[in-house]
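Chains as they are written, first to last, in full-length UniProt numbering: chain A, 1 to 358; chain B, 1 to 305; chain C, 1 to 515.
If you're looking for bench data, these hints aren't it; they were derived computationally from the structure.
Small disclaimer: the values here were computed from a predicted structure and weren't measured.
Accuracy of the hints is not assured; some may be wrong.
What the hints assert, rightly or not - Here's a subset of chain B near chain A, in silico, CB distances under 8 Å, partners left out:
#1 V54
#2 V64
#3 I97
#4 L226
#5 A227
#6 V230
#7 Q260
#8 V263
#9 P264
#10 Q266
#11 L274
#12 I285
#13 L297
Said to hold, decoys possible - In silico DMTMM-like cross-links for lysine to aspartate or glutamate, where the CA-CA straight-line distance does not exceed 20 Å:
#14 K406(C) x D438(C)
#15 K227(A) x E68(C)
#16 K16(C) x E63(C)
#17 K244(A) x D333(C)
#18 K426(C) x E496(C)
#19 K426(C) x D438(C)
#20 K227(A) x E149(C)
#21 K495(C) x E205(C)
#22 K16(C) x E72(C)
#23 K203(C) x E193(C)
#24 K16(C) x E68(C)
#25 K406(C) x D56(A)
To be verified - Reference listing, derived: stretches of chain B covered by chain C, where coverage requires no fewer than 3 residues with Cβ under 8 Å from a Cβ of chain C:
#26 34 to 47
#27 78 to 91
Note that the Cβ used here is the ideal one computed from N, Cα and C, for glycine as well.
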Amino acid sequence: MRFELTPRTNSPTVMRIFASVAAFITAFLIAGFVIWLMGRSPIAAFDVYVLQPLSDPWSLQELLVKATPMALIAIGLSYCFRANLWNIGAEGQYVIGAVLGGWLALRTHGTDAGAWLLPLMVLLGIIGGALWGLIPAFLKTRFGVNEILTSLMLVYVAQLILDYLVRGPWRDPKGFNFPQSVTFDPSATLHPILEGGRVHYGAVFAGIAVLVTVIVLGRTLFGYRLKLTGDAPRAARFAGFNSKATTLAVFAISGGLAGLAGISEVSGQIGQLQPSISPGYGFTAITVAFLGRLNPIGILVASLVVALTFIGGESAQIMLKLPLDLTQAFQGILLLCVLAADAMVSYRIRFVTRGGGR
Amino acid sequence: MTTFEAILLTIVTASTPLLIAALGELVTERSGVLNLGVEGMMVMGAACSFAAAVTFDSTLIGVVAGMLAGALMAALFALLVLGFAANQTGSGLALTILGLGLSGLIGAPFVGARRDPVAPIDIPGLSDIPVIGRLFFEQDLFVYASIVLTILVGLYLMRTRSGLTLRSIGENHTSANALGLPVWRVRFWAILFGGACAGLAGAYLALVYTRFWSPGMTAGRGWIALALVVFAAWRPGWVLVGAYIFGAATVLQLHAQAAQFGVPSQVLSAVPYLATILALLLLSIRHGRAIGAPGSLGVPFVPDR
Amino acid sequence: MKADVPPSGPPLVELKGISKRYGDLLANDEIDLSIEPGEIHALLGENGAGKSTLVKILYGVIEPSAGEIRWEGQPITIASPVEARSLGLGMVFQHFSLFDELSVAENIAVALSDDWSLSTVRDKLGEISRTYGLALDADRAVWTLSAGERQRIEIVRCLLQNPRLLILDEPTSVLTPQEAEHLFTTLDRLSEEGCSILYISHKLEEVRRLCRRATILRAGRVVATIDPRASSAREIAALMVGNAVGDIRTDAPHHPQGETLRVSNLSMTPAGLHGQALRDINLVARAGEVVGIAGVAGNGQSELFAALSGERLADHPESIAINGKLSGAMGIDARRRLGAAFVPEERLGHAAAPTHSLSENTLISHAATEVSRSGFILMNAARRVARSIVQGFDVRTPEGDPQARKLSGGNLQKFVIGREIIRRPKLIIVDQPTWGVDAGAARLIRQALVDLAREGSAVVVISQDLDELFEVADRMAVIHQGTLSPLRPIGEWTKEAVGLEMLGVAQAQGGAHAV
């Protein structure tokens, strides 16, 4: 027995969108089966995971809040993945962005800083993430070190740096020895867009990132250069596109956006530095980027969908006593389904038993 | 037992899971498939082995369950990258995400449980040699097995027909297909072997090394195993050397933390990760490119038919 | 000896009504073919006529859509190369099925059945090498070998299995004339021993040297089965190509002037593990002439192309001058701005991105020109450029602006050559301009290159096809192991002299490189 793959000569956009939807439905069916195996009702779980969050205004806001960092990071990753470069260390870049931006907030704590503080924090967040992202890029371009492994190892290092800071030098002296910094001043806090709402200005950054990316990828030579580098690297060299510069650029962009997500989250959502500032946004964003087919609009939609699984997961933990790990497992299943669907768009797949093809 | 002996013993214990997982991945990669899901398969192996061992109160059943779990995850990966010619990098990452989540579900009821230590096997006479005696001749079965496995993998790859076929397929799958070599079948078994080894490594972590289950307990060891394969230039003997160097780094930083030199513990905890980066860097500086990488590594195989 | 009298028994192998369909393309259409025991049978046809498809079916690599195969009169199916080999079929592919990092002995053993151990392979290898004059070192890694030696591995692989039928697919395309003659002697000897040979080629001379019977394919069909020695070259060529063969017009007057390209003492280390170093290359191309670079594959042609195009930079800026500007340290884009244009050997993946539309593909070499403004792509302009290439160079496309991979080899090659010529370059460097394209496209491409030279550009053609170079070049040099022979007017070259240069055994000629 074997599989037979025939490359499809044309795969229309409709089919690609349909494949994403089909992958999503398949993932849901598999997850439902797992929940049924655990002795719970898949119907009830679907209600808690999907229907309730979507029918509740508070949850809808929460959806945007959760989608914001993932959309920002995934948009950045799409630059890398398009060029066939594998930055899987966005989680670390996110953390360093939060650390560097947070440093300024702590440094100016209680000094009644002016309106320049927030923009500067955001800028530092971007720079921090970009610099952290440039390490694996530099090691790759200068020495040929595999970027997958180095970018991932740097996640652990970044988390340890944050851990050291909030347990050591940056710990709030009046915090009863809890490992956390002081709460940021209001001048160092990203405010909600609507008074009293939960959605902060990070969502605006995400919106801008999406729009800019639509233009950059679709209309500029730089965008074409990424696509060419990913699809046909030799042709990209032949075109005169410098692959090293491209590598450095996309890692800086994706690191910068991850850093932006990090500082936005810390300053708009958490309000202080603590050992854990992300439920794995940097890794989940990989799923989001693929689910959105590396297309900025697609990523926007995908980030909302995946945010739903986070919120649903939290309420399922409370209401159905379903563990949070289910959410991560579901995200893994979803990514596998998306990759399988991708393959089915590119190839006509036939399962044949031996000799049956004749 | 002196402290020095104790440290050496723990180095062996810390190195063994790295060695086993890296050997499995080495075989997979030699067949031309890059499975980045080692971490996921390993953590699944840990969760399933611990759950089974506690449930049936049997280390053996636990080990078998761990290997099966790793192999099952690998089979899922094989279906995607062989059957559907899906992107190998993405599929491996997905496997890791899935494994981390699923293992949490499976292990949840067993958080807090403990297993008794696995009795070491004492080779009478030899184990009485000072210093090295206990190091070499009073280890648990897994340690001996991992050394034997290194030798077997080396012999298999370089001395058997089937190993030659596997290397050929990894080197150039187009040529291999033209000669009628069973590219898919060989790769399927190589992926499964890699999964079973990762599962075994996970089982060792949960049943021997820590003797308890905690979510995400592999803590990047799967990724370090992947780096070891690159570091070893796809040669089993060098995997052994690399695994022990990394095992030593891990253990020594733990002891350094206990000794409290005034260096923050986080700096020492970062040592294995920084060491991995440094090792990859030194290797690249020496050889320019990844020497010894199989020619078809990571390239999806779609025969024209 | 080859049978002049009709043989008494059934043919060794007989193909009846073999068809193979790929989507809309009928690669093989009801093909009939029979091969007698001990016969050397030629399969002739242009590139794309369906020869490779047919032999892959015979060897079990691909399955036919319809038709029957008979082996000694019995109908059989050949489901895989393993089955083909157990029947007694051996095949030497045009693209070798070799493993670069493995040794010669390992490469042979892996293709044989399980009861061949590495040590028996070593023993037998020595024996066969002596019998047929196929010298090979069992422990050398394949990547260190020349193309001729690599081919020997393929042949030895087949011979070790005592084949009844040996299939060779364009075996001489990578050989020097002398190596080819050596191969022919081996084949004659095999045929005398009773082994049948199916010899695939598009070169008339060799077929007439070797075979008594030839089956000619055109567009997937058998057009004739003939005795190649009894027909004239022109007749056979007409059968292969379908209509009378046209000659390239080179008669326009030309007076080459001015050095458009000067390469002085260019040396380069190999790019990769298996690359060829370039040694002290000197070359001048003048406006208005076509300079040909001949040589057997793998002697530094792609390295020379990379050095001339700027995909790899030279150590010294002064080793390459384009239009008088020292450009050895310039990247490919800067060289394009000096008026140079480049066409690499690989169409898909190097010259063009397979999954990108033709208009997107124009961006690859036109990025600095009219298709973009301050970093933004002008898609309408790109589409316009693509359209004018399609019209100007007779590129047949399935739709308006298709992906590059949807074009046939010949049409895509016309597109990538047209994409450069339409920029009216002062200098164009083309690597293997007609490799694997049909006769019609090849003619159009050669004509376009000659025309460009006649209009005052310098044209450098790197090619393994000697006939092509004799047709278009004004001056020619031969590259061998990274060293370039002196450049001489085409009239001063004979095929024998070229062959000797290809082998690196030419006498040192008086006078340094001609200018």
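Hints, verified against the model:
A distance limit of 8 Å between C-beta atoms decides the matter here; for V54(B) the minimum to chain A is near 18 Å, and the interface restraint is violated. Against a cut-off of 8 Å between C-beta atoms, the interface hint on V64(B) is violated, since the closest Cβ of chain A lies about 21 Å away. Here the hint on I97(B) is kept, as its CB sits about 4 Å from the closest CB of chain A, short of 8 Å. For L226(B), the interface hint holds, the least distance from its beta-carbon to any beta-carbon of chain A being 6 Å, beneath 8 Å.
Residue-level restraint check for A227(B) holds (minimum Cβ-Cβ distance to chain A is 5 Å; threshold 8 Å). About 6 Å separates the beta-carbon of V230(B) from the nearest beta-carbon of chain A, less than 8 Å, and the hint is met. Because the smallest distance between the Cβ of Q260(B) and any Cβ of chain A comes to about 14 Å, over 8 Å, the interface hint for this residue is violated. Taking 8 Å as the C-beta contact cut-off toward chain A, the hint placing V263(B) at the interface is violated, the least distance being around 11 Å.
Hint on P264(B) holds. Least Cβ distance to chain A is approximately 5 Å, under the 8 Å limit. Here the hint on Q266(B) is kept, as its CB sits about 4 Å from the closest CB of chain A, short of 8 Å. A hinted interface residue such as L274(B) counts as satisfied when its beta carbon comes closer than 8 Å to some beta carbon of chain A; here the least separation is about 6 Å, so the hint holds. Given hint, I285(B) at the interface with chain A, holds; its Cβ is 6 Å from that chain's nearest Cβ, closer than 8 Å.
Among the interface hints, the one on L297(B) is violated; its C-beta lies about 11 Å from the nearest C-beta in chain A, farther than the 8 Å criterion. For a cut-off of 20 Å, the pair hint linking K406(C) to D438(C) stands: about 16 Å separates their Cα positions. A threshold of 20 Å between alpha carbons decides the hint, and for K227(A) with E68(C) the separation of about 46 Å lies outside it, so the pair is violated. Between K16(C) and E63(C) the alpha-carbon distance is near 14 Å, which keeps this suggested pair within the 20 Å criterion.
Only pairs whose Cα atoms come within 20 Å are accepted, and K244(A) paired with D333(C) is accepted, the gap being roughly 16 Å. Pair hint K426(C) plus E496(C) does not hold up; C-alpha atoms about 33 Å apart against a cutoff of 20 Å. The straight-line distance between the Cα atoms of K426(C) and D438(C) is roughly 28 Å, outside the 20 Å bound, and the hint therefore fails. Between K227(A) and E149(C) the alpha-carbon distance is near 40 Å, which puts this suggested pair outside the 20 Å criterion.
This hinted pair checks out: K495(C) and E205(C) have alpha carbons roughly 13 Å apart, not beyond 20 Å. The suggested pairing of K16(C) with E72(C) holds, with an alpha-carbon distance near 13 Å, which does not exceed 20 Å. As the CA atoms of K203(C) and E193(C) are separated by approximately 25 Å, the hinted pair breaks the 20 Å bound. A threshold of 20 Å between alpha carbons decides the hint, and for K16(C) with E68(C) the separation of about 5 Å falls inside it, so the pair holds.
Straight-line distance between C-alpha atoms of K406(C) and D56(A) comes to about 50 Å, which puts the hinted pair past the 20 Å bound. Residues of the segment 34 to 47 of chain B lying with their CB closer than 8 Å to a CB of chain C number 0, which falls below the three-residue condition for coverage. By the rule of at least three residues with a Cβ nearer than 8 Å to a Cβ of chain C, the coverage given for the segment 78 to 91 of chain B is violated, with 0 such residues.
Of the numbered hints listed earlier, those contradicted by the structure are 1, 2, 7, 8, 13, 15, 18, 19, 20, 23, 25, 26, 27.
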